[in-house]
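Take the sequences, apply the hints, and build the full model.
There are 2 protein chains.
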Amino acid sequence: MKTPQLTPLAASLPATVPFVGPEAQERQSGQPFVARLGANESAFGPSPKAIAAMQEAVKDVWMYADPESHNLRQALARHHAIPAETIMVGEGIDTLLGLAVRLYVGPGDHAVTSAGAYPTFNYHVAGFGGTLHAVPYKDDHEDPDSLIAKAVEVGAKMIYIANPDNPMGSYHDADAITRMIDRLPDDCMLILDEAYIELAPDGTAPDITLTRPNLLRMRTFSKAFGMAGARVGYAISTPQLISGFNKVRNHFGMSRISQAGALAAIADTEWITHIRQEVTTARARIAQIATENSLRALPSATNFVTIDCGRDGAFARAVLAALIQRAIFVRMPFVAPQDRCIRVSCGPSVQLDAFAAALPAALKQAHAEFE
Amino acid sequence: MKTPQLTPLAASLPATVPFVGPEAQERQSGQPFVARLGANESAFGPSPKAIAAMQEAVKDVWMYADPESHNLRQALARHHAIPAETIMVGEGIDTLLGLAVRLYVGPGDHAVTSAGAYPTFNYHVAGFGGTLHAVPYKDDHEDPDSLIAKAVEVGAKMIYIANPDNPMGSYHDADAITRMIDRLPDDCMLILDEAYIELAPDGTAPDITLTRPNLLRMRTFSKAFGMAGARVGYAISTPQLISGFNKVRNHFGMSRISQAGALAAIADTEWITHIRQEVTTARARIAQIATENSLRALPSATNFVTIDCGRDGAFARAVLAALIQRAIFVRMPFVAPQDRCIRVSCGPSVQLDAFAAALPAALKQAHAEFE
Numbered sequence: 015m016k017t018p019q020l021t022p023l024a025a026s027l028p029a030t031v032p033f034v035g036p037e038a039q040e041r042q043s044g045q046p047f048v049a050r051l052g053a054n055e056s057a058f059g060p061s062p063k064a065i066a067a068m069q070e071a072v073k074d075v076w077m078y079a080d081p082e083s084h085n086l087r088q089a090l091a092r093h094h095a096i097p098a099e100t101i102m103v104g105e106g107i108d109t110l111l112g113l114a115v116r117l118y119v120g121p122g123d124h125a126v127t128s129a130g131a132y133p134t135f136n137y138h139v140a141g142f143g144g145t146l147h148a149v150p151y152k153d154d155h156e157d158p159d160s161l162i163a164k165a166v167e168v169g170a171k172m173i174y175i176a177n178p179d180n181p182m183g184s185y186h187d188a189d190a191i192t193r194m195i196d197r198l199p200d201d202c203m204l205i206l207d208e209a210y211i212e213l214a215p216d217g218t219a220p221d222i223t224l225t226r227p228n229l230l231r232m233r234t235f236s237k238a239f240g241m242a243g244a245r246v247g248y249a250i251s252t253p254q255l256i257s258g259f260n261k262v263r264n265h266f267g268m269s270r271i272s273q274a275g276a277l278a279a280i281a282d283t284e285w286i287t288h289i290r291q292e293v294t295t296a297r298a299r300i301a302q303i304a305t306e307n308s309l310r311a312l313p314s315a316t317n318f319v320t321i322d323c324g325r326d327g328a329f330a331r332a333v334l335a336a337l338i339q340r341a342i343f344v345r346m347p348f349v350a351p352q353d354r355c356i357r358v359s360c361g362p363s364v365q366l367d368a369f370a371a372a373l374p375a376a377l378k379q380a381h382a383e384f385e
Numbered sequence: 015m016k017t018p019q020l021t022p023l024a025a026s027l028p029a030t031v032p033f034v035g036p037e038a039q040e041r042q043s044g045q046p047f048v049a050r051l052g053a054n055e056s057a058f059g060p061s062p063k064a065i066a067a068m069q070e071a072v073k074d075v076w077m078y079a080d081p082e083s084h085n086l087r088q089a090l091a092r093h094h095a096i097p098a099e100t101i102m103v104g105e106g107i108d109t110l111l112g113l114a115v116r117l118y119v120g121p122g123d124h125a126v127t128s129a130g131a132y133p134t135f136n137y138h139v140a141g142f143g144g145t146l147h148a149v150p151y152k153d154d155h156e157d158p159d160s161l162i163a164k165a166v167e168v169g170a171k172m173i174y175i176a177n178p179d180n181p182m183g184s185y186h187d188a189d190a191i192t193r194m195i196d197r198l199p200d201d202c203m204l205i206l207d208e209a210y211i212e213l214a215p216d217g218t219a220p221d222i223t224l225t226r227p228n229l230l231r232m233r234t235f236s237k238a239f240g241m242a243g244a245r246v247g248y249a250i251s252t253p254q255l256i257s258g259f260n261k262v263r264n265h266f267g268m269s270r271i272s273q274a275g276a277l278a279a280i281a282d283t284e285w286i287t288h289i290r291q292e293v294t295t296a297r298a299r300i301a302q303i304a305t306e307n308s309l310r311a312l313p314s315a316t317n318f319v320t321i322d323c324g325r326d327g328a329f330a331r332a333v334l335a336a337l338i339q340r341a342i343f344v345r346m347p348f349v350a351p352q353d354r355c356i357r358v359s360c361g362p363s364v365q366l367d368a369f370a371a372a373l374p375a376a377l378k379q380a381h382a383e384f385e
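Protein chains in written order, with this note's numbering: chain D, 15 to 385; chain Z, 15 to 385.
No lab work stands behind these hints: they were computed from the structure.
Keep in mind that the hints are not guaranteed to be accurate.
Intra- or inter-copy, both count: the list cannot distinguish identical chains.
As the list claims (entries may be wrong) - No more than 30 Å apart at the CA atoms, straight line, and that leaves these computed lysine-lysine pairs for DSS-like:
(1) K164 <-> K16
(2) K378 <-> K16
(3) K73 <-> K152
(4) K152 <-> K164
(5) K73 <-> K16
(6) K73 <-> K63
(7) K73 <-> K164
(8) K63 <-> K378
(9) K164 <-> K378
(10) K16 <-> K63
And the structure:
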């Protein structure tokens with residue numbers, strides 16, 4: 015019997031999941047994680063003002079959210095001192111990435127990223143039929159020179175870079191990123207994913223007023239703002255580029271509760287100051303735990319610390335598996351040579367204590383497998 | 015200067031908005047609506063248990079939602095007595111519709127709907143390059159015979175029908191829909207949008223266990239469940255078709271708060287019984303208001319009542335404008351001859367009182383324009 019046929023593009027796609035969720039791992043193992051340090055969520059939570067705003071907004075959830083996210087866009091515009099017309103709010107960076115790829119990358123088009131960078135970009139490029147090219151990291155940093163060179167070589171429509179980087183935690187300063195922007199081919203768009211920017215050293219972000227017709231910056235409430243489960247991100251670019259999202263976005267896709275939370279969160283600058291302190295403390299603690307176990311923690315400009323396990327990917331995967339077996343949820347880079355590392359999210363002491371308690375035995379177990 | 019070029023498909027799309035939100039209308043007029051009866055939201059609100067669950071879940075919003083919506087899918091499976099593998103949860107029917115179109119309809123493919131039916135389907139078909147064909151309503155009902163005939167004629171990949179229908183409020187009984195399903199070409203998928211099904215007479219929905227490789231049913235927490243602003247919908251089909259969503263969906267797109275709300279809402283069957291009573295009462299009241307103004311209310315199987323204003327589209331548009339001017343948010347069908355009507359959502363007495371108070375003067379104003 016004939017059945018409805020997927021489009022040729024859809025038929026060519028695997029039913030992949032960019033990341034398996036920790037809940038699925040818990041269901042599989044039958045035990046809940048005692049430390050949830052794998053998804054760079056902020057266990058410090060969102061601003062108490064954001065929590066209060068979301069709880070208050072629940073009673074209004076019978077109403078669709080304002081499809082223009084007008085109040086939130088106005089607040090973001092004031093916060094950054096940029097025009098609201100240069101901002102598009104969406105259901106997290108993942109959704110905005112998908113829309114950007116959909117608008118600019120189709121079959122026959124090329125996109126460039128770094129080998130082992132955020133895989134959701136790759137998922138979207140494949141999903142819309144583009145061809146992806148990956149260049150190597152350089153000393154655990156994404157490499158602007160290689161990204162630009164590859165884009166020129168293949169005539170890419172789009173380059174993806176995260177600054178600071180996930181999963182390595184490294185960063186380039188604003189001058190390096192600005193030089194990269196200046197060297198972009200005019201018809202090649204740079205997606206500058208600044209998901210972790212609030213946690214980076216001052217001087218990491220190019221001035222927020224730096225807009226170009228081929229620059230699309232993305233930010234999120236999922237990391238420093240502690241609202242990963244609310245799905246709020248935003249893109250910044252020229253008004254013309256931003257209005258293009260209106261061709262394809264799900265206009266009524268935002269949660270009304272999440273809009274209210276983000277509106278309160280962006281106003282609470284003290285909370286972000288507090289979170290930066292917490293993250294600084296947690297980074298130091300994770301580095302100390304690494305050192306105590308004769309491992310090297312990489313410098314971090316994010317809310318996670320990448321730990322070099324000192325051997326190859328197989329060994330780091332064994333460490334990761336042994337940690338998960340001990341109910342510690344962490345993740346690791348996918349691609350060599352970065353996959354010699356595991357990646358541990360910052361969190362409150364109680365979670366890091368559990369990681370510290372589990373790591374020696376996990377390492378011992380992994381070493382035993384490789385003796 | 016060269017700039018990044020949209021894909022040819024994206025370049026061909028207008029930056030349209032399927033619906034202008036009431037908030038935008040309020041900003042434009044400078045006055046808030048006193049009755050919000052235009053978007054078929056449920057001003058009766060969600061179950062108090064769902065409200066409590068969402069307020070409780072706010073503290074967990076630092077965590078991404080389970081990408082598999084496992085607990086919610088299990089609860090829906092139990093509720094309907096169907097396998098969880100036949101259910102896909104998504105960020106509202108709008109999102110699921112977009113994914114379904116993306117999977118099956120591309121450039122050169124054809125889709126069929128009714129002229130004046132839910133426009134978000136049309137938005138997605140255009141957005142993925144399909145060609146849309148619209149057949150007329152028949153006596154204010156979507157017409158299964160015409161839909162099937164047109165699909166056969168053009169070799170359509172997909173047909174859209176809402177049962178009950180929006181914007182007319184009419185419905186077909188389960189037997190009529192089942193006959194339609196039986197007559198589908200094997201390679202043509204029927205999207206059966208049952209957004210309003212909980213409010214329809216018993217016997218409107220084909221048995222929930224009726225699954226076919228070319229049938230995709232969609233349900234939502236936005237209407238009877240009163241959670242429009244939470245963005246939770248679900249699709250039901252064969253396990254194979256459902257797993258196809260994993261090729262393209264935003265795996266981490268769900269709000270964690272919304273998942274928790276839906277989980278509580280689906281368990282509170284008493285609340286839906288209560289809502290059915292409220293909606294029955296409100297429908298009668300809206301019909302009475304229509305009669306008092308010498309207008310005819312169409313029968314409704316939904317949480318809104320479509321009122322025939324007795325003249326043409328231009329007149330109904332004038333009535334609508336006069337109501338909006340009086341701070342009453344209502345909408346109307348887009349396409350003739352259905353556009354002789356306005357569409358009024360069910361709501362608590364205080365909102366319907368405001369509608370009743372405004373309608374006579376609005377009608378008088380509209381009549382004056384057309385004398």
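Hint check results:
For a Cα distance limit of 30 Å, the shortest separation of K164 from K16 across copies, 19 Å, qualifies, whereas the shortest one inside one copy, 44 Å, does not. Taking the shortest Cα distances, K378 and K16 never come within 30 Å of each other, neither inside one copy (56 Å) nor across copies (57 Å). Neither within a single protomer nor between protomers do K73 and K152 lie at most 30 Å apart by alpha-carbon distance, with minima of 50 Å and 39 Å respectively. Taking identical chains as interchangeable, the C-alpha atoms of K152 and K164 lie at most 30 Å apart only when both belong to the same chain, with a minimum of 14 Å there against 58 Å between chains.
For the homomeric pair K73 and K16, neither the shortest alpha-carbon distance inside one copy (48 Å) nor that between copies (49 Å) is at most 30 Å. For the identical chains of this complex, K73 and K63 are neighbours both inside a copy (17 Å) and across copies (12 Å), given an alpha-carbon limit of 30 Å. Proximity of K73 to K164 under the C-alpha cut-off of 30 Å is found in neither arrangement, the shortest distances being 51 Å within a copy and 44 Å between copies. When the C-alpha separation of K63 and K378 is checked against a cutoff of 30 Å, the pair qualifies neither within a copy, at 44 Å, nor between copies, at 48 Å.
Taking identical chains as interchangeable, the C-alpha atoms of K164 and K378 are never at most 30 Å apart, the minima being 42 Å within one chain and 68 Å between chains. Taking the shortest Cα distances, K16 and K63 never come within 30 Å of each other, neither inside one copy (56 Å) nor across copies (45 Å).
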